[in-house]
Amino acid sequence: MKSREDIERILNILADCYPQAKTALVYSNAFELLIATILSAQSTDKQVNKITSELFKKYKKPEDFAALEPQTLEEEIKSCGLYRTKSLNIINMSRILVERYGSQVPSDPDELQKLPGVGRKTANVVVSNVFDRPAIAVDTHVFRVTHRLGLAKSSTPLGTEKELMACIPRALWSQAHHWFIYHGRNICRARQPKCDECRLRQYCDFYNSKAGL
Numbered sequence: 013m014k015s016r017e018d019i020e021r022i023l024n025i026l027a028d029c030y031p032q033a034k035t036a037l038v039y040s041n042a043f044e045l046l047i048a049t050i051l052s053a054q055s056t057d058k059q060v061n062k063i064t065s066e067l068f069k070k071y072k073k074p075e076d077f078a079a080l081e082p083q084t085l086e087e088e089i090k091s092c093g094l095y096r097t098k099s100l101n102i103i104n105m106s107r108i109l110v111e112r113y114g115s116q117v118p119s120d121p122d123e124l125q126k127l128p129g130v131g132r133k134t135a136n137v138v139v140s141n142v143f144d145r146p147a148i149a150v151d152t153h154v155f156r157v158t159h160r161l162g163l164a165k166s167s168t169p170l171g172t173e174k175e176l177m178a179c180i181p182r183a184l185w186s187q188a189h190h191w192f193i194y195h196g197r198n199i200c201r202a203r204q205p206k207c208d209e210c211r212l213r214q215y216c217d218f219y220n221s222k223a224g225l
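Position one of the sequence shown corresponds to residue 13 (our numbering), numbered consecutively onward.
Honestly, the hints are just simulated from the structure, not real lab data.
Predicted model, so just to flag it, every value in this text is computed and none were measured.
Take these hints with a grain of salt, some might be off.
Claimed, not checked - Okay, derived cross-link-like pairs now, SDA-like style, lysine to any residue, Cα gap no bigger than 20 angstroms in a straight line: (1) 34 <-> 155; (2) 90 <-> 56; (3) 72 <-> 40; (4) 69 <-> 115; (5) 72 <-> 104; (6) 14 <-> 115; (7) 58 <-> 69; (8) 72 <-> 42; (9) 72 <-> 54.
Generate coordinates for the entire structure from the input sequences, incorporating the hints supplied.
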């Protein structure tokens, strides 16, 4: 694992590279972000934003989605992956919010994970972006970048999250999540990573092993 000094340098470089890093999903409240994050599984944020820009004009509250038939919502979201499953989850999630939570999105990640279609990553995205609770949501970008850097070794998202929570200062958890995503999209791509352009390459296990260092 990296030394504290190296971790601090890595985080400082990422902060300098991506000072405006934040979620690319467009939303105006916790409920909209919850739906957008559910839709983002196996889909791009760009495509999700295209869908929700029209969806949220028609349906604004949990009650609106709770009243929908699955086929109706499927037509609205069918341009994203797994739309049938997502349609059922969003409708059932909305009904539970109405019946058990007074139509309010809970701020506790454990409560959020009781909702259909809401896993740990989605819960962490919502609590960190809307409720300002420190959290690290491990998606494919976060997993790839942190493993290449040697900040995490676990083979699972949960294990990776725990390793990152242990080595990154709590105050930076949420922001670091965005930094890793931006770096994964812009530089540390799954295929053909731009190692020659990467300011982190001297700290990167992936680059050093590839370069034979």
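We went through each hint and held it up to the structure:
1. 34 <-> 155: holds, 17 angstroms
2. 90 <-> 56: holds, 13 angstroms
3. 72 <-> 40: Roughly 10 angstroms between the alpha carbons, so the hint for residue 72 and residue 40 holds.
4. 69 <-> 115: holds, 18 angstroms
5. 72 <-> 104: The given pair, whose Cα atoms are some 16 angstroms apart, holds under the 20 angstroms limit.
6. 14 <-> 115: violated, 44 angstroms
7. 58 <-> 69: holds, 17 angstroms
8. 72 <-> 42: Measuring from Cα to Cα gives roughly 11 angstroms; hence the hint holds.
9. 72 <-> 54: At roughly 24 angstroms apart (the allowed maximum being 20 angstroms), residue 54 and residue 72 break the hint.
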